[in-house]
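**Student:** Make the complex out of the two chains shown on their own, each in a separate frame, by following the hints.
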Amino acid sequence: MGEEVKLIGARGSPFNCRVEIALKLKGVEYEFIEEDLANKSPLLLKYNPVHKKIPVLLHNGKPIAESLVILEYVDQTWEGASILPQHPYERAMARFWAKFIDDKCMSALWNACWSKGKEQEKAIEEANELLKLLENELKDKKFFGGDNIGLVDIVADFIAYWVGAIQEVTGAEVLTKEKFPKLFEWAREFINCSIVKEKLPPRDHLTGFFRIKLEAPDTLKYNPQVR
Amino acid sequence: MASEEVKLIGFWASPYRFRVEWALILKGVEYEYIEEDIFNKSPRLLELNPVYKKIPIFIHNGKVVLESLVILEYIDEIWKNNPLLPQDPYERAMIRFWAKFADDKLVLSAYFAMCSLEDEKVKAEKITIAMEALERIEGELKGKSFFGGESIGYLDLALGWISYWLPVFDEVGSMKIIDPIKFPAIVSWMNRFANHKVIKNKLPPRDKMVIYFQERSKIISATLAKNK
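Protein chains in written order, with the numbering used here: chain A, 1 to 227; chain B, 1001 to 1228.
Just chain B, with the same shape it has in the complex (with noise of 0.2 Å):
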């Protein structure tokens, strides 16, 4: 539809806004990309997400959709074509379940044993619980190509960053989360995401990764020191 309002608020190095723009680049939907510098808030951040402050903010056709999961369930529930998410319902249950895990145990544990510069035995800390947390990954894959079976899906979106911001994160942090010899299915898998002809194409620039999360790190460890 020509006159659809759709517009997507962002971040350059945010992997939740990339959930957001593959999910709409794999349904072939034309949207408008709008960059947020998120260290300097603007006002139209302030007022579309009042509650969290953060992105990635969705507008279609002027209603505000927020959290980069519920926003990929709103995208599949608009635009049908390429399903995202399977029919059945345990099916459905388990990818929220598998998403949402990572989010809690993954993403987390992984960026601050980044930032830990100062503490070893906090990084070692944060570096096992996401190794654990990987390993029930590993498992879940089950021999698939994605998690999504056959095509990418809801999981592979949500699970996309670890290809693609976790050997930033180890590079920085000078770790080794992705250890292939214990994880050789998410290696294969983070190969197949990386290099479909989607995601290959809407990525952020690694180089610029690596500085910008060099930097993140020394403040947050910075600020995590100061906090003790």
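Bound conformation, chain A alone (with noise of 0.2 Å):
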């Protein structure tokens, strides 16, 4: 077709993994370029001077930095499976959520993982409050996108997979089953999704990199290189 699609990336983060679930959805083919975010490329800093962060995603030359904008992007050219819900509300509505996902869970979720003590506690309450609410948003669907995975769950994928990986070398319990039982389910219907499946990091690449940041403690804060 002529067209050229290239995905400027990082095969650890979950912000990179959603765009390559978004583009398998839709069957796209694309080229990745796997960035070294310790020392980044003139090729990242050409393409997104702005924030200097992965992913960006090049379409026919053309870049688009910031995942939530990417998936709106990649949703509305090419045909395939809906990421995005089609009536005007439950568009709305999965945006909210994705933009709740990005501004409120993210780091307050890496913090619960990675803290200690008394602060761990406070940042365990406060992680509980928003898994509580996406608990209560999933309801009884088995994904937030209703049958078939969508922006949501996409968006959740942090939550889904690196979470566990994280509860797995720091020993936190932010997700567990008891807590909060249909989450924990959707986690695992989602991560099993053949499309998620091929483009989720192995799970001892993560865990293997958790185990390094263990040591470092002053590489925790969240601060992710990544959007």
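Certain hints may be false.
Restricting the straight-line Cα-Cα distance to at most 25 Å, the calculated cross-link-like pairs of lysine to any residue (SDA-like) are [said to hold, decoys possible]: (1) A:Lys99 / B:Lys1144; (2) B:Lys1080 / A:His87; (3) B:Lys1100 / A:Lys116; (4) B:Lys1105 / A:Thr219; (5) A:Lys132 / B:Lys1080; (6) B:Lys1144 / A:Tyr47; (7) B:Lys1054 / A:Leu133; (8) A:Lys122 / B:Lys1080; (9) B:Lys1053 / A:Asn128; (10) A:Lys52 / B:Ala1225; (11) B:Lys1054 / A:Tyr89; (12) A:Lys116 / A:Phe180.
These are calculated hints, taken from the structure and not from any lab test.
**Tutor:** Below you can see the structure in the form of structure tokens.
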């Protein structure tokens, strides 16, 4: 088709994974360019000068940054399975929860998983409140998107997969079957989706990475080099 | 549709509320505005927005939509006249990117620069961040009348607070984030936007705003000093 689709990303990043899942859902072929976040390439600095973060989608040479912005772009540009719902109100709801996950949940869950002592107690309390809201939003649906995964499921990939990996390394109990049975089940269903499974980084890569982080506590502040 | 329920719950000094209101007026949508005292939150607010407990809250035929930028997209999808978002996917991506950028970088840095009454160093840092952000936005205007092109669009509404609130922040904070030499395109856009026939008739009173933000900056400054 003469179409050129490239993704500048980092395979361990949940933000990157969101875009890869979306492209896979739409059946889009793309070239993946792994970025070394400790040594940012001229390519990244050229295509995301504002934030200098991954993921960056390049479509026929035009760059798009910010994973939520990219997801909407992918949904609108390519046919195939819908990422956002059809009805305006449901679209607004999906956007609201996606933003909620990005603005509130990501840093709160990260802190709950990594902090210690009294600080962790407080962080887990905050995480509990946020996860409860998501558990309520899920209701009895298989996915946030209904029968199939949608925007919110994709944006919640960190919750479904990364949190479990961090918990394994730190021993934190943030998202457990006992506390959030529906969310726990949703996470299991999500990571077992064939499309998702193919795009998730291997579990042992993640745990290996997080074990290294455990040894270097000053790198633990939530400061994602990714969006 | 006469039987349609369209309500907007907002706060008189909030730029986020005005984004939504401007969009409704531009599209000729009839709506009811309900003022909320955000310092004395009503049970209604807590019921309609339990997650954030904030305004604006948009209600359309019983359905509640939250978050001003999400509301703008909803309004544009329901009322199709005078479209606010472009059709082209790449252009839509660009305006969403810049709206988020301004909300994440410019709003808070400008606001907290204004509120940094005690700490000159923090104030200077925030002013620098704000001006760097504004410089990026200046580049985005690229000789157009509005960010939306010939007419006001989503990004003009998202950035509209710059034309009216930011000068108040500058005044209250004794700052000059809006430098006409550095940002000629933005200053020119500010005049065009604030004088637009719809916008100029839907703005909060400036003198009240100055007093309000003076009080807010004193309170916030004291809180920040205490938390050090």
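**Student:** Each hint needs a verdict: does it hold in this structure or not?
**Tutor:** Hints, one by one, checked against the model:
1. A:Lys99 / B:Lys1144: Violated, at about 30 Å.
2. B:Lys1080 / A:His87: Satisfied, since the Cα-Cα distance of roughly 14 Å is no more than 25 Å.
3. B:Lys1100 / A:Lys116: violated, 33 Å
4. B:Lys1105 / A:Thr219: Holds. B:Lys1105 to A:Thr219 sits at ~23 Å (cutoff 25 Å).
5. A:Lys132 / B:Lys1080: violated, 36 Å
6. B:Lys1144 / A:Tyr47: Between B:Lys1144 and A:Tyr47 the Cα gap is close to 23 Å, so the pair holds against 25 Å.
7. B:Lys1054 / A:Leu133: It holds: about 16 Å lies between the C-alpha atoms, which stays within 25 Å.
8. A:Lys122 / B:Lys1080: violated, 46 Å
9. B:Lys1053 / A:Asn128: holds, 18 Å
10. A:Lys52 / B:Ala1225: Violated, at roughly 33 Å.
11. B:Lys1054 / A:Tyr89: holds, 19 Å
12. A:Lys116 / A:Phe180: Since the Cα atoms of A:Lys116 and A:Phe180 sit roughly 22 Å apart, the hinted pair holds (cutoff 25 Å).
Hints 1, 3, 5, 8 and 10 from the list above are not met by this structure, while the remaining hints are.
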